[in-house]
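Enquirer: Listed below are the residues making up each chain.
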Amino acid sequence: MTTPFLHINGLRKVYGNVVATDHVELAISKGEFMTFLGPSGSGKSTTLYILAGFQDPTAGDILLQGRSLLSTPSHKRNIGMVFQRYTLFPHLSVGENVAFPLRVRRAGKDEIDRKVKKALKLVRLDGFEDRMPANMSGGQQQRVALARALVYDPPVLLMDEPLSALDKKLREEIQFEIRRIHQETGVTILYVTHDQEEALRLSDRIAIFNKGKIEQVGTGPELYANPATHFVADFIGDSAFLGGELAAIADDRATLRFADGEVLAGVPLHGTGTAGDKAELMLRPERIELAAGPGREGATLPVVVEDVTFLGNNSTVTARTGWGDALTVRLNFGHPMIGSVARGDRLHVQWQPKDAHVFVKP
Amino acid sequence: MLLDFRKLGAWKWALSAICGLMTLFLLLPILFIVALSFGSSRWLIFPPPGWTLRWYEELFADPRWIDAALTSAKIAVIVMVLSVVLGLLVSLALVRGRFRGRAVLRAFFLTPMVLPVIIVAVALYAAFLRLGLSGTLVGFVIAHLVVALPFSIITISGALETFDPAIEDAAILCGASPWEARLRVTMPCISHGLFSAAIFSFLISWDEVVLAIFMASPSLQTLPVKVWTTLRQDLTPVIAAASTLLIALTVLLMVIAALIRKGKAR
Ligand SMILES: Nc1ncnc2c1ncn2[C@@H]1O[C@H](COP(=O)(O)OP(=O)(O)O)[C@@H](O)[C@H]1O
Ligand SMILES: [Mg+2]
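Protein sequence lines correspond, in order, to chains V and W. Under full-length UniProt numbering, the first residue of the first sequence carries the number 1, and numbering increases by one thereafter. Under full-length UniProt numbering, the first residue of the second sequence carries the number 1, and numbering increases by one thereafter.
Just so you know, not all the hints are guaranteed correct.
Straight line, CA to CA, 25 Å or less: simulated SDA-like cross-link-like pairs of lysine to any residue [to be verified]:
1) V/Lys117 - W/Glu168
2) V/Lys30 - V/Asp153
3) W/Lys262 - V/Leu92
Taking CB as the label site, the calculated pair distances span [unchecked claim]:
4) V/His91 - W/Leu235: 15 to 25 Å
5) V/Ser137 - W/Pro178: 52 to 62 Å
6) W/Thr162 - V/Ser137: 47 to 57 Å
7) W/Arg96 - V/Gly10: 26 to 36 Å
Read the hints as simulated data drawn from the structure, not as lab findings. Just so it is clear, the structure is predicted and the values come from calculations on it, not from any experiment. Here a beta-carbon is modelled for each residue, glycine too, at the ideal position from N, C-alpha and C.
Using the sequences and the hints given, assemble the complete structure.
Expert: Shown next as structure tokens:
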């Protein structure tokens with residue numbers, strides 16, 4: 001077995017009686033862009049801070065190329081970090097900010113000049129050396145922070161929601177820059193966000209955090225197509241959940257009975273359960289078809305339309321099942337039903353059983 | 001705004017007048033003293049019958065006044081340095097520390113501000129007599145430090161509270177040791193607080209008279225004490241000259257402190 005480049009090994013951190021992270025286990029390869037995605041308070045920052053050395057774990061270890069980092073103080077770990085808040089040194093110019101890590105390493109003047117120039121060029125801020133941080137926009141400040149974190153070629157770069165204070169358009173612009181910088185430098189990045197779009201756009205792999213634990217690790221498409229838990233299914237993509245009861249199980253396929261007696265067979269099952277357990281059926285909006293009457297193949301359910309929203313390239317139809325669960329259907333621009341669907345219509349939804357997922361309720 | 005000055009009508013004039021009178025009330029004694037120090041009358045007649053620099057010449061010719069001024073300056077400078085250094089350390093603990101009883105400790109550090117000075121003076125006098133510190137430079141410094149430190153702690157804590165510790169964390173991850181980060185990043189960022197603390201500590205010691213009277217000995221006294229003792233023996237315009245110099249330095253430092261605050265607000 002080869003040792004992973006960066007190994008987060010059974011990390012656990014307890015504050016008083018709050019368990020911030022528990023059994024966090026992750027192997028990251030060199031050059032990988034790994035994102036921690038999860039709601040606020042799920043332990044993403046705590047994991048990052050332990051890596052940075054600002055917190056000591058209650059249990060577990062961090063291994064970089066097989067060697068534990070825990071006994072090394074923060075300032076000797078040689079790790080780069082960009083923070084959520086703006087952390088440029090306000091009394092130093094942009095050039096001096098980027099030079100700071102090199103100055104504390106007692107680098108020579110020529111080396112400092114050359115590397116500062118290169119780092120600012122990397123974040124497309126060449127020529128801003130003499131600017132003071134107070135005279136820059138938030139996006140520019142975070143790019144300088146990125147240059148400062150990369151100027152000493154750290155093996156690992158940590159980023160804790162660095163774009164959360166910026167507006168949407170700027171955020172997307174800088175996400176693009178971050179991707180380019182990752183490709184150009186090949187640095188290993190651990191990125192924290194609570195924004196699924198950002199995670200999907202940037203990452204090689206995503207670790208989904210929930211209540212201090214990692215629920216699932218995988219590429220974006222893997223997580224979307226094959227969510228391991230109800231939480232992951234809910235967090236990635238907009239999904240509908242229809243409540244029901246397990247009727248039978250065979251070969252990882254479930255038969256589900258809905259509240260109105262409707263029965264659906266052959267749905268992929270996640271988790272273990274027995275007949276009679278409460279379960280939920282997950283449907284992706286783009287996998288659902290809307291039709292006037294019941295279809296001949298696949299699964300079908302009668303619904304009542306509650307709302308129709310036009311969103312430019314698609315329209316979203318919100319509907320409710322006979323027993324009251326809501327689901328949304330996406331109609332792409334040009335779909336024949338756009339324009340004719342209205343609130344209160346009685347229609348049918350249909351889908352292929354293999355495109356749905358059943359999660360047993362704990 | 002609830003009370004817009006421009007919309008007050010006739011009240012506007014009344015308010016302006018009250019403001020003017022208050023300013024005069026506060027400034028008059030100072031103007032009076034300054035005028036007397038340049039007045040030619042030995043009997044402190046006001047308005048002065050003529051103008052002279054004679055009292056300043058007498059002041060600078062008398063080694064006892066010079067001694068007192070030098071003592072005052074020496075004590076004030078030592079108090080200033082110690083007050084800023086200790087104030088910084090205490091503030092770091094109070095603002096950054098996460099220990100129990102922090103609020104109590106903070107209140108405790110600020111008590112000398114609300115305690116009547118005379119009580120502090122009597123208590124210190126009694127203690128210093130036993131310790132053999134009364135009439136010594138060390139005694140003076142400790143006494144003035146007791147009243148200056150709370151001001152230092154308030155201003156430096158205030159500056160430290162508005163400084164985001166994540167900036168210091170960033171410096172540490174950049175490779176600076178914790179103390180290097182504090183020295184190269186935190187200190188420059190809170191320098192306005194440090195300067196204010198320095199100026200106020202200096203002034204508190206420079207102007208202080210109650211504690212100084214208790215601490216003074218015939219061979220060691222500060223300028224305010226010298227003014228006070230001279231006043232009791234003999235009413236001479238030299239006192240006005242000495243007072244004017246005291247005030248001049250105070251005003252100068254206050255102006256510098258105000259400029260620092262304004263520079264920070266910009
Ligand atoms: N210094 C701390 N003291 C006490 N509790 C903390 C501290 N830092 C984080 N926590 C708690 O740990 C949990 C995880 O926090 P955090 O790692 O910041 O989550 P995230 O970054 O995913 O939003 C939260 O419940 C939070 O309240
Ligand atoms: Mg966080």
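Enquirer: Under the criterion that the straight-line Cα-Cα distance not exceed 25 Å, is the pair V/Lys30, V/Asp153 satisfied?
Expert: 14 Å, holds
Enquirer: Determine whether the Cβ-Cβ distance between V/His91 and W/Leu235 falls within the hinted range of 15 to 25 Å.
Expert: Hint violated: Cβ distance 52 Å, outside 15 to 25 Å.
Enquirer: Tell me if the straight-line CA distance from V/Lys117 to W/Glu168 falls inside 25 Å.
Expert: Within the cut-off at roughly 24 Å; holds.
Enquirer: Next pair to validate is W/Lys262 with V/Leu92; report whether the Cα-Cα distance is within 25 Å.
Expert: 20 Å, holds
Enquirer: Is the gap between the beta carbons of V/Ser137 and W/Pro178 within 52 to 62 Å?
Expert: Taking Cβ atoms as reference, V/Ser137 and W/Pro178 lie about 31 Å apart, which means the hint is violated.
Enquirer: Taking the Cβ atom of W/Arg96 and the Cβ atom of V/Gly10, is their distance within the range 26 to 36 Å?
Expert: 31 Å, holds
Enquirer: Range hint 47 to 57 Å: satisfied by the CB atoms of W/Thr162 and V/Ser137?
Expert: Check failed, 22 Å falls outside 47 to 57 Å.
In summary, the structure is inconsistent with hints 4, 5 and 6 from the numbered list given earlier, while agreeing with the others.
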